[in-house]
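A.B. asks: Residue-level listing of the chains:
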Amino acid sequence: MYKITSEPIKPDALFEWSLKPHHGAVVTFAGTVRNHSDGRQTLRLEYEAYAEMAEAKMREVGEEIRAKWGIDDVAMIHRIGTLDIGEISILISVATPHRKNVFEACSYAIDRVKQIVPVWKKEIRADGEREWVERNT
Amino acid sequence: MRIIVKCFAGCKDAVGAASVEVDFPAGTTVGEAFAGLVDSYPGLASYDRSVMLAVNREYADRRSVLADGDELACIPPVSGGAKFERRLSPFI
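Going line by line, the protein sequences match chains A and B. Residues 0 to 136 in numbering that gives the first Met the number 0 are what the first sequence spells out, letter by letter. Residues 0 to 91 in numbering that gives the first Met the number 0 are what the second sequence spells out, letter by letter.
The shape of chain A in the complex, shown without the other chains (with noise of 0.2 Å):
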């Protein structure tokens, strides 16, 4: 499952379409709105996408992941809209028979999705300012 959505994120929704019966461990990484950024603080956040091109990409991080080994039940939430601190923005699922690989698999499953989905979030901050992120974080 691989979705761009406006709704709140609900974990034990995506925590328990992974689980299947032939699956032993399930590794799920949950991205969240922190209150400070470089220093100064942070209001809320708002997410931006390109919904058809960002849930493709998605998929493809999916089938990167089936390549290098052999996982098939990936699934990933993104939020989108304005969140407030502490809200999930975005989820991830790594599903797989037996533990090995799966923290490995989740943690590349973030690095790509930053890399090659196009989501992007502005900062609204206590100061009064508003910027895009164009910058790693």
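Hints are supplied without guarantee of correctness; some may be wrong.
Label-pair restraints from in silico Cβ distances [what the hints assert, rightly or not]: (1) B:Ser45 to A:Ser36: 40 to 48 Å; (2) A:His97 to B:Ile3: 44 to 52 Å; (3) B:Asn55 to A:Gly80: 21 to 29 Å; (4) A:Ala50 to B:Gly68: 17 to 25 Å; (5) A:Pro7 to B:Asp38: 38 to 46 Å.
Derived from the structure by calculation, the hints contain no laboratory data. Just so you know, even glycine gets a beta-carbon here, dropped at the ideal spot from N, CA and C.
Place chain B on chain A using the hints.
C.D. replies: Showing chain B alone in chain A's frame:
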């Protein structure tokens, strides 16, 4: 030929719209189209080195030639990735 240009994040701010339709001469390349957009929307100039360009939702070589009706997307750096991707392949 008519090209649908989609702009995101800072590029959208520079253009003042999420999507514009632009006429280019037949044979225009992706790179030439972006240069034409910079002429129309000078705020895009600062993205010349960092922007990724996609045609019909796939990252595109700046030398590739556009076709009528193509969707050209201006993709400013996503958080951390675009420069890395360009280093992997100098052609995108």
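A.B. asks: Of the numbered hints stated earlier in the document, which are not met by this structure?
C.D. replies: 1
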